[in-house]
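Chemist: Chain by chain, the residues:
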Amino acid sequence: MPEIVGWVWLVVLLPFFGFLANGLLSFVAPRAKTAVSVVGVGVLVASFGLAAGIFGGLLGHSDGAPFILTFWHWIPVGDLQVDVAFQVDQLSAVMLLVVTGVGMLIHIFSVGYMREDDGYARYFAYLNLFVFFMLVLVLGANFPILFVGWEGVGLCSYLLIGFWYTEKVNADAGKKAFIMNRIGDFGFLIAMFLIFKTTGTLVFTEVFGLAPETFAVDGPTITAITLFLFLGCTGKSAQIPLYTWLPDAMAGPTPVSALIHAATMVTAGVYLIARTNVLFAMAPLSSAVVAIVGAVTALWAASIALKQWDIKKVLAYSTISQLGYMFLGVGVGAVASGIFHLVTHAFFKALLFLGSGSVIHAMHRAYSATDRHEDAQDMRNMGGLRRWMPWTAGVMWIATLAIAGIPGFSGFFSKDEILAMTFARGHDEVLYYVLWGVGTLASLMTAFYMTRMMLYTFHGPNRTGERERDHLHEAPWVMTAPLLVLAAGSVLGGLLNLPHVLPFHGWLTEWFAPVTGLGEFYRAEMHLEAGTEWSLLGLATLIAAVGIFVAVRFLRPAKLQPAAEAPEETGFGKVLFRKYYIDELYDLVIVRPLVWLSDRVLWRGVDVGAIDGAGVDGSARLARGIGAIGSWLQTGQVGTYIFIFVIGVVVLLRAVSGP
Amino acid sequence: MLLGPALGVSAILFSLGVAGVLLRRNVIIIFMCIELMLNAANLAFVAFAQQLGPEGQVIVFFVMAVAAAEAAVGLAIILAIFRHRQTVDLGDINLLRG
Amino acid sequence: MYDLLTAMGYQRWIIQALLVIPVIAAALVLALPASAKQVALWGALAEFVVSIGLWWVFDPTLATMQFEFVAPWIPAFGIDYRVGIDGISLFMVLLTTFTMPLAVLGSWKHIKTRVPGFYALLLVLTTGMIGVFVALDLFLFYVFWELMLIPMYFIIGVWGGGRRIYAAIKFFIYTFVGSLLMLVAILTIYHLVGRETDIYSFNYYHLLANIEVARPWAGWLFAAFALAFAIKVPMFPFHTWLPDAHVEAPTAGSVILAGILLKMGTYGFLRFAVPFFPETALDPRISAVVITLAVVSVIYGALVAMVQPDFKKLIAYSSVSHLGFVMLGIWAATIQSVQGAIIVMISHGVSTGALFLLAGMMYERRHTREIAAFGGIARVMPAFAAILTLVALSSIGLPGTNGFIGEFLVLVGSFETHPWATGIATTGVIFAAAYLLWAIQRLLYNREPSEENATLRDLSGREFAILTPLVVMILWMGLYPKPFLERIEQSARWFVVQVHEVDAPRFRLAAREDVEEQR
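Top to bottom, those sequences are chains A, B and C. So the first sequence is numbered by my numbering: it starts at 1 and just counts up by one. So the second sequence is numbered by my numbering: it starts at 660 and just counts up by one. So the third sequence is numbered by my numbering: it starts at 758 and just counts up by one.
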């Protein structure tokens, strides 16, 4: 084991110290913003440096076997032996870099973004805590430890979505996120129970080692395990049917959306499937379900994004859609491609969110300078912002081209790879041709809605307001610098895993071979002719170009009216704008009936009515009723009692003494 | 030796007590009648003790002690009721009615 | 530490000391009414300090009773003063001694009338509770069981809220009905065993070793025990005394009720009802009924908690839900599930006790428990908000807190034997998040604090002193539960073997001989 790998605990612990220090500061010295920034950002920088070192150490030692570091016995009961242990291997090392790297940039950005906020220290405390839990998640060497991180990031997400907690919508959004995640966690727990029942262990390496001899390929047990695991993923990674929390989660500060709800936490589901790819490989049915859900989610969310006006909502649905691609990737068995898209997505989506944060920051400052209360996130109130914010506009265009899939940018390679793999699977099963079609359609929409967002935000006339216009400014360097770094990543990220037909191809795929190799035996061969691959690349380029072209050609930013004066949506546009009314549907079908059942039937009916009313108090009433009969015999006249008593004694004496 | 007459007197005393308790309305009188019954029982005990050994006499002491205690408590109750109600007539007292 | 304590003869006097200290303290409280609070606090603290030694001297490698002490009490009827501690009762005793100083501190400002009486009753209650957990003579057990009922009755009835009389009587009669049936069962076993062996004794081991003779009546006897304990747990549908008692009791009363009294029900199952009649308890039909009720308790308690407008009532129903997990764990009878059940018992005592203390702190400030009266108070009481959030998360069962360890073990263990029931019970984790987070949101968030709430002050030093130990326990048990688990393990294992090897009475004898030998 390279010596530096032994220091991995410090990578994890540093953010935790940051949390403790900032948490303490938030109580004792909430105004000490410099100290908070130094601690908050400093621990991330150190963490990232160390993570990079560990990655480097692993580069030299890629013989395959994972390094397992055990710290202490956590839950030792009978055969159940759960240790607090970390697993450093190719997969977790990549995730380590993404989490600390992107996390570091977002922390730096936050220094500028949150500067004015009263809860500055609290914010950094939560953010540090989030990174801590995220690292636990990606490093955990067994299911329960992964679950610690899994729940912990959910907690931080909850706290950060509801960061401005005096607004009910924010608090509601946080709660919704936590509870929907818990529905997923239910699946995760059941999957763990099943795994423990069948294999008798929860340690990754042992489970994967035992899987081939324990489970029948495509058998009911392994299918159940993987489907329950996937239920967990749909909650955490916002897939159908548990995706509705993510758009609401935009209520949190924008850097939080970038870090948690785009780059890291929501990709945990993809990571989990990649981690357990052996199990999924043995359960083709579950893999197909993953792929189908992924593809459908990609299309579904992309279609909603077409009609959103809130800049963050567009990005939120875009995130759901892109996560769908990742699931499509891991679902068809292209684990490395899924993770590849995870990495490039972390770059360009974090960039988009931070860029939108920079826009919102400027808009917010402009509105508060003139004391006007307009929606600082509504694109109808923006327009032409590139004149004031050239840097932001520039880097966001880079990210847009990346996500739309223009050749040369990272998103092109990662998305194309997933679609190509899906297409390759179509050779054996027609289903995958359909999924490929769905994915391609979604990518057309992606190009369209992203261009739409950019046009309405940065181009055309400005709609912010006459007086506000003078207050629009580019963000400070502390915010733009991270954007530039992310932009570089968005451009160059594709180099990690170039297509087969290009030179230096498939580096990431090879890097992940030790992780994915175990399941390779069970997976269908995915191979494309060079000609097919070239035509797919060409088609992808065409799709992206058409999407962008249509948006530029047909959208008219000049005719748009500010949000306050905008006409109501009509027809299908309204259905899209209202997100297919899914929130309303869930409310009507699940939430309300459940509350009604609990309140009217269970509490007032069963508890107060039946058990207490009829049973408990009823028995008291019965006793009192019988007593009332007896009481009627009691006149209260002592004389009467004695008279009856004497008669009784005489009768008894007569009876006892006999004839 | 005198057992028969003693038991006879005891029975008469007891019956007088019972009759008094049943027929009189004044609580004080009823109380005295109860004492009368207790003493009738004491007489019977003493009479039997003549033949059966001293245990009967011991019991009499117990009964006397209990009677004294009862008198103290009972009179206190009667006094309390009188203060409260200005009457010691049983017909007016039905506190035991639920 | 071990050597030092052993040198002091700790093992010989510890249980007696634990039973006597509170009584002495209670007498002192009554003798010094002017400083009743202080005396009570010192008494409770002394009790706690003395009890801590158990942590070191307890031998985790033994499944049998330790620190046993026997003295004849009423030899004519074979009644002894016989006490001992094993892995199951160890933490119940420690939980009791740990909770009492907090309960005293939690009543500091709250109790203004008849102060000495209140604290004296609290201390007497301590003796009763510890007695229940250490008694190894069924008659002694019954005496302690009833002994703790009376102080609690007065605590609710005298110092309680608006409907305190109703709640107190309901609590008393409900529990009493069950315990009378239990008394009948105890006496029946006593006579049956006595007639068969010619040794009339209430000795736990004696009865356990010869319980075979009671087999023809096992169904009835088990039912009597089970009803007494099920009411105490409380299990649906015998739970309705709990919300009333909790809501009306003063803070200390609620803390003790939730923290310790409820555990007596599950402790009774672990110690008496199930080991005495394993073949009855685990009979498929009876087991199906109990497991169904346990699962119903989990879900039902959570759902009803969700819609409570009163914070204390919400916590009360959440207890029904949590104790459902314990029952599930006991009946699943695997090593994980039983250990998990005991851990849930401990951590429920810590977390729910903390929730009630926090509810009491809210009540002291605003004199209302209505959730709707609050909102946005995280703004004015940040420390309170932070601790309330942490405690609620532990009650939800977030990994890293104590709540997770117990629930996870119960579920993972129960899944082995009852996968469907466990699957349904697992949905409880969703509802737990729903009701607690919703309550927290309405208490702490949602709006700028209203005028009455804007001036609330944050936690005082005394309140920090109460909450800090609880927070430490929550995190300790969540992050490093091993010391707890290893002390419980052997006794839990004994329980599992005991109930599974129902056809191997030899094992029981062996267990008994072990105990005899050890003495």
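Heads up, a few of these hints could be off.
Said to hold, decoys possible - Short, incomplete list of chain A residues facing chain B, as computed with Cβ under 7 Å:
hint, residue
1, W9
2, V638
3, G639
4, V646
5, V650
Said to hold, decoys possible - Part of the chain B face toward chain A, derived, beta carbon under 8 Å:
hint, residue
6, V677
7, L681
8, V747
9, L749
To be verified - Ranges between beta-carbon positions, derived for each pair:
hint, chain 1, residue 1, chain 2, residue 2, range
10, C, E1036, A, G609, 36 to 44 Å
11, A, E213, C, F1221, 18 to 26 Å
12, C, D816, A, L588, 56 to 64 Å
13, B, A724, A, F643, 52 to 60 Å
14, C, P1176, A, A524, 37 to 45 Å
15, C, V934, A, A224, 39 to 47 Å
16, B, I718, A, I644, 22 to 30 Å
17, C, T818, A, R592, 54 to 62 Å
18, A, L495, C, L1232, 55 to 63 Å
19, A, T635, C, L937, 26 to 34 Å
20, C, L937, B, P664, 36 to 44 Å
21, C, S1217, B, D751, 35 to 43 Å
22, C, A1140, A, D218, 48 to 56 Å
Since the hints were made in silico from the structure, they are not lab data. Computed from a predicted structure; not experimentally measured. Positions of the beta carbon are idealized from the N, C-alpha and C atoms, including for glycine.
Chemist: Look at each hint and say if it fits the structure.
Modeler: Each hint, compared with the structure:
{"no.": "1", "hint": "W9", "result": "violated (75 Å)"}
{"no.": "2", "hint": "V638", "result": "holds (6 Å)"}
{"no.": "3", "hint": "G639", "result": "holds (6 Å)"}
{"no.": "4", "hint": "V646", "result": "holds (6 Å)"}
{"no.": "5", "hint": "V650", "result": "violated (10 Å)"}
{"no.": "6", "hint": "V677", "result": "holds (6 Å)"}
{"no.": "7", "hint": "L681", "result": "holds (6 Å)"}
{"no.": "8", "hint": "V747", "result": "violated (12 Å)"}
{"no.": "9", "hint": "L749", "result": "holds (6 Å)"}
{"no.": "10", "hint": "C/E1036 <-> A/G609: 36 to 44 Å", "result": "holds (38 Å)"}
{"no.": "11", "hint": "A/E213 <-> C/F1221: 18 to 26 Å", "result": "violated (55 Å)"}
{"no.": "12", "hint": "C/D816 <-> A/L588: 56 to 64 Å", "result": "holds (59 Å)"}
{"no.": "13", "hint": "B/A724 <-> A/F643: 52 to 60 Å", "result": "violated (29 Å)"}
{"no.": "14", "hint": "C/P1176 <-> A/A524: 37 to 45 Å", "result": "violated (32 Å)"}
{"no.": "15", "hint": "C/V934 <-> A/A224: 39 to 47 Å", "result": "holds (45 Å)"}
{"no.": "16", "hint": "B/I718 <-> A/I644: 22 to 30 Å", "result": "holds (28 Å)"}
{"no.": "17", "hint": "C/T818 <-> A/R592: 54 to 62 Å", "result": "holds (55 Å)"}
{"no.": "18", "hint": "A/L495 <-> C/L1232: 55 to 63 Å", "result": "violated (44 Å)"}
{"no.": "19", "hint": "A/T635 <-> C/L937: 26 to 34 Å", "result": "holds (32 Å)"}
{"no.": "20", "hint": "C/L937 <-> B/P664: 36 to 44 Å", "result": "violated (53 Å)"}
{"no.": "21", "hint": "C/S1217 <-> B/D751: 35 to 43 Å", "result": "violated (60 Å)"}
{"no.": "22", "hint": "C/A1140 <-> A/D218: 48 to 56 Å", "result": "holds (55 Å)"}
Violation of the numbered hints given earlier is confined to hints 1, 5, 8, 11, 13, 14, 18, 20 and 21; the remaining hints are satisfied by the structure.
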